[in-house]
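First to last, the sequence lines map onto chains A and B.
Those letters in the first sequence? Residues 1 to 106, by this note's numbering.
Those letters in the second sequence? Residues 1 to 320, by this note's numbering.
Source of the hints: derived by calculation from the structure; they are not laboratory data.
Remember, it's a predicted structure, so these values are computed and weren't measured experimentally.
Where a beta carbon is used, it is the ideal one built from N, C-alpha and C, also for glycine.
Keep in mind that the hints are not guaranteed to be accurate.
What the hints assert, rightly or not - Heads up, incomplete: computed chain A residues facing chain B, CB under 10 Å, no partners named:
id: 1; residue: 30
id: 2; residue: 34
id: 3; residue: 66
id: 4; residue: 77
Said to hold, decoys possible - Chain B residues, not near chain A, derived (Cβ > 10 Å throughout):
id: 5; residue: 54
id: 6; residue: 58
id: 7; residue: 62
id: 8; residue: 87
id: 9; residue: 104
id: 10; residue: 159
id: 11; residue: 193
id: 12; residue: 210
id: 13; residue: 223
id: 14; residue: 225
id: 15; residue: 275
id: 16; residue: 301
id: 17; residue: 305
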Amino acid sequence: MTVVAFDRLRQGFLKRPKVQGGPIMVKNITIFTTNTCAYCHMVKKYLGIKGINYEEVNLDEHPNRQAEAMEISGTMTVPVTVVTKQDETKEVIIGYNLARLAPAVA
Amino acid sequence: MSDKETQVPKHDVIIIGSGPAGLTAAIYTTREDIETLMFERGAVGGLAAVTDKIDNYPGFPEGVEGLKLADDLRKQAERFGAVIELGEVTAISDEGEYKRLETTSGDMLAKAILVATGSDYKKIGVPGEQEFYARGVHYCATCDGAFYRDKKLAVVGGGNSAIQETIFLTRFASHIDLLVRSTIKASDVLQQELEEYVKNGKVTVHLATSTQNIVGDTSGVKSVTTQKDGKNKEFEVDGVFVFVGLLPNTQFLKPTPIRLDEIGFVITDQNLHTSMPGVFACGDVRCGATMQIASAAGEGATAALKIREYLEGHMHPIQN
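Here chain B stands alone, though its shape is the one from the complex:
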């Protein structure tokens, strides 16, 4: 082994991603006195951190701001010794006892890796979406909503995120057209809250309405063309926010032998172990994930305990 190789930093566990899944795992591993390094290329807290308000995470009867929950999870993990490196893991490979990680901070070795990279919002793939990106087409209401004070908006989507962010955007926008491809899939509580904004005329819901085209000029977005029952309709808006589902952050795993499903989610066994020994996955990046913050935290705890078993060399076999 060359001198350079002996200088490659070695860690017990490297957690890739610091959303609720990764941070919860870090709380557990560090409390087990397992040395833990985390990598985060985006926002600590992941998508939870860019969510305005979270009402379904246990222990917060009045709900909690996503940014606050993320910050508190970070503090809790750091309190027990987790270290968060601001950077990106670009590749991983299996070298037996240790796994090698290529990162923006150089190569590193870890006995176990936890992939907790989560997911990000999907695009709708219509003309104008790319062209007006960040100039009228947005995917983060808490980041960009403030640019639309007293302006008209369209929100595309009908799930929990779309409804939650529509409600957030009402604090800025004069009116919001909510464009829902089929029916609203959000929770009843969110739908009831939305209904108040529908009643006062702040939001208009358009069901069975597919977004076809985002139109604008050099000054930004001017309108959205939609289709319902075969008929086109144009909505004059100043901006469009898109929340139509999630895709996993697993690009860096595609060259590895780690099994992914057809969409790109990581396939694990019941121990949250991937097809590469010593590499685990949890949270929104995992095939079968429920895309809930509470579930992600729970999986983070499970993954940490399974990693401990793996490091101690007595991982329990899967019970079928």
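Only chain A is shown next, with the shape it has when bound in the complex:
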């Protein structure tokens, strides 16, 4: 499915930061969403299944935070998931991308 858009979102196109040593615990997670975005629901569903807490920023309810989402992701799309680790490093995951999301929140 190399010709379609969603595939790139799933696979992600931001490089994952290299981690030295063991995994660093997650401090908090923020997801930028909209009401109509099915992939936003999937990210929330996945975190819900795993029992992981997150903060949701719904851009339909808070359009004033769109610029923040765009600055963080460099894109005009949702979902954008920001995983902040205990050492304050951040991993930004664009789209519903289990290959990136699962290890980032593990």
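Put chain B on the given structure of chain A with help from the hints.
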């Protein structure tokens, strides 16, 4: 057989894809008490889930939001025992009674497989499309439309999806140029609805207009260059949404003996059986599919009943 091999999970049926076709099949297989596992790598509900509103699915006189239909189908399948695994099937192979699936959750075995992976939107293949992907070029209005409040957009396409999503995007955009390569192929009802937005100046339709180039800079898309009757014309827009048809999600089947057509759609017989025994296909991924949600659901039901016949060892021969 090694210890490791004996630990490979075995299932009666694995359905790959959880769009309307796959979920309907799961409703039927689980109600027949056939143990069923589903795999979904994207959104449960498939393209239906990312469609704003669906007006042609029976039983919903006022239409239904795609996300709601997808969620209700999921609940119905899960109510009867279907299990949806969030992950991807990367390869399948025939081992006789069982088929082996390589997945992101490890290897699995299934007596029957249903390929219901659907299709995704095609790209138009013009300069700038890749460069500005998700930064001004989009394929999902319900995901990304909210970024274009009071901004100018172009929508490329003239089929049902293009018109439906253009209408959805009018709730955000100040104006939309609809760029149609030939003529509008959408249903009459959608065309009538679109006409209201044309009359009030929200949408301008440009027929026989091919998109040539998407132009922008580091801040995003600035314009679209088109061609009509040999003449170039530039539209100043902040973003472009593309809905120009569908391509099947069958990359993972290409190394297998399963027959695909020249585009990549799965070829089946009248029982929805592929060229690999025990592997069936239904919905938008199937050669000959009508790309309608109602058809996909119908094929899902048919596939489930044919799988039951296959598992019981008395599949009816094809009547020519």
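Residue 77/A as chain B interface residue, shortest Cβ-Cβ below 10 Å: holds, 5 Å
Residue 87/B and chain A, when compared Cβ to Cβ, separated by more than 10 Å: At about 7 Å from chain A, residue 87/B fails to clear the 10 Å cut-off, so the statement is violated.
Verdict on residue 159/B as a residue remote from chain A, using beta-carbon distances over 10 Å: holds, 16 Å
Satisfaction of the residue 34/A interface hint, Cβ to chain B closer than 10 Å: With Cβ-Cβ at 5 Å, under 10 Å, it holds.
Residue 305/B remote from chain A - nearest C-beta pair above 10 Å: Residue 305/B is indeed farther than 10 Å from all Cβ atoms of chain A, at 29 Å.
Minimum Cβ-Cβ distance from residue 210/B to chain A exceeds 10 Å: holds, 18 Å
Status of the stated non-contact between residue 301/B and chain A (beta carbon gap over 10 Å): holds, 23 Å
Closest CB of chain A to the CB of residue 223/B still more than 10 Å away: Non-interface label on residue 223/B holds, nearest chain A Cβ at 16 Å vs cutoff 10 Å.
Residue 54/B remote from chain A - nearest C-beta pair above 10 Å: holds, 13 Å
Hint check, residue 66/A versus chain B [nearest Cβ-Cβ separation less than 10 Å]: Status holds, d = 6 Å.
Closest CB of chain A to the CB of residue 62/B still more than 10 Å away: Residue 62/B is indeed farther than 10 Å from all Cβ atoms of chain A, at 17 Å.
Interface-negative label, residue 225/B against chain A, beta-carbon threshold 10 Å: Since the minimum Cβ distance to chain A is about 21 Å, residue 225/B lies beyond 10 Å and the statement holds.
Going down the numbered hints, you'll see the structure goes against 1, 8, 9, while the others check out.
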